[in-house]
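Could you build all of it, start to finish, from the sequences and the hints given here?
Numbered according to the working numbering, the sequence shown terminates at residue 128, and the numbering increases by one at each position without gaps.
Keep in mind the hints are simulated off the structure, nothing from the lab.
For clarity, every value in this text was computed on a predicted model and none was experimentally measured.
Check each hint, because a few of them may be wrong.
[As the list claims (entries may be wrong)] So the derived label-pair ranges between C-beta atoms look like this:
#1 GLY44 <-> ALA71: 18 to 24 Å
#2 VAL17 <-> HIS76: 18 to 24 Å
#3 GLN42 <-> ASP72: 19 to 25 Å
#4 ARG38 <-> GLU112: 19 to 25 Å
#5 GLN42 <-> ASP126: 31 to 37 Å
#6 LEU78 <-> GLU4: 37 to 43 Å
#7 ASP126 <-> GLY39: 41 to 47 Å
#8 ALA47 <-> ARG111: 18 to 24 Å
All C-beta atoms in this analysis are idealised placements derived from N, C-alpha and C, irrespective of residue type, glycine included.
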Amino acid sequence: MTETVHLLHLLDYRTVVETDERVVMELDNRPDLVNVRGALQGGLIATLIDIAGGVLAGRHVGADQDVTTADLNIHYLAPVVQGPARAEATIVRAGRRLIVTGVDVTDVARERLAARSTLSFAVLDRR
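Encoded structure:
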């Protein structure tokens, strides 16, 4: 029997910090993840943002609850051309039914802000 590997695990993103106050994750700028200009694909930056924000939001719900992305707003400010891309998620507001996170993405090697994002997560009871 062959083990199924989820597509997200093929990205090899990693958690650098995970606390109730913030989550920091990184994704390397690899040849198989860049666009024709050599910058990390914007959709992969969005995925990194969603994962980091979701992990943090999930730390603020009960054991019988989950979160799901309700809204995602990203401002791309500069390309990630050297990397790694570092996403730092913080809580903006944690309510009973909605959790809002802010996520900044930097190109670590260039020490440059690459994207700023706000996400809303709906809090759902597990089925």
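Note whether the CB distance of ASP126 and GLY39 lies within 41 to 47 Å or breaks it.
45 Å, holds
Is 18 to 24 Å right for how far apart the beta carbons of VAL17 and HIS76 are?
Holds, at about 23 Å.
Beta-carbon spacing of GLN42 to ASP126 - inside the hinted bounds 31 to 37 Å or not
35 Å Cβ-Cβ, so the 31 to 37 Å window holds.
Distance restraint evaluation - ARG38, GLU112, Cβ atoms, bounds 19 to 25 Å
20 Å, holds
Hint says 18 to 24 Å; check whether the CB-CB distance for GLY44 and ALA71 agrees.
19 Å, holds
Is it true that the C-beta distance of ALA47 to ARG111 lies inside 18 to 24 Å, as the hint says?
About 20 Å separates the Cβ atoms of ALA47 and ARG111, which means 18 to 24 Å holds.
Evaluate the given range 37 to 43 Å for the C-beta pair formed by LEU78 and GLU4.
Between LEU78 and GLU4, where Cβ atoms are some 39 Å apart, the hint holds.
Status of the given 19 to 25 Å range, CB of ASP72 versus CB of GLN42:
22 Å, holds
Consistency note: the structure conflicts with none of the earlier hints.
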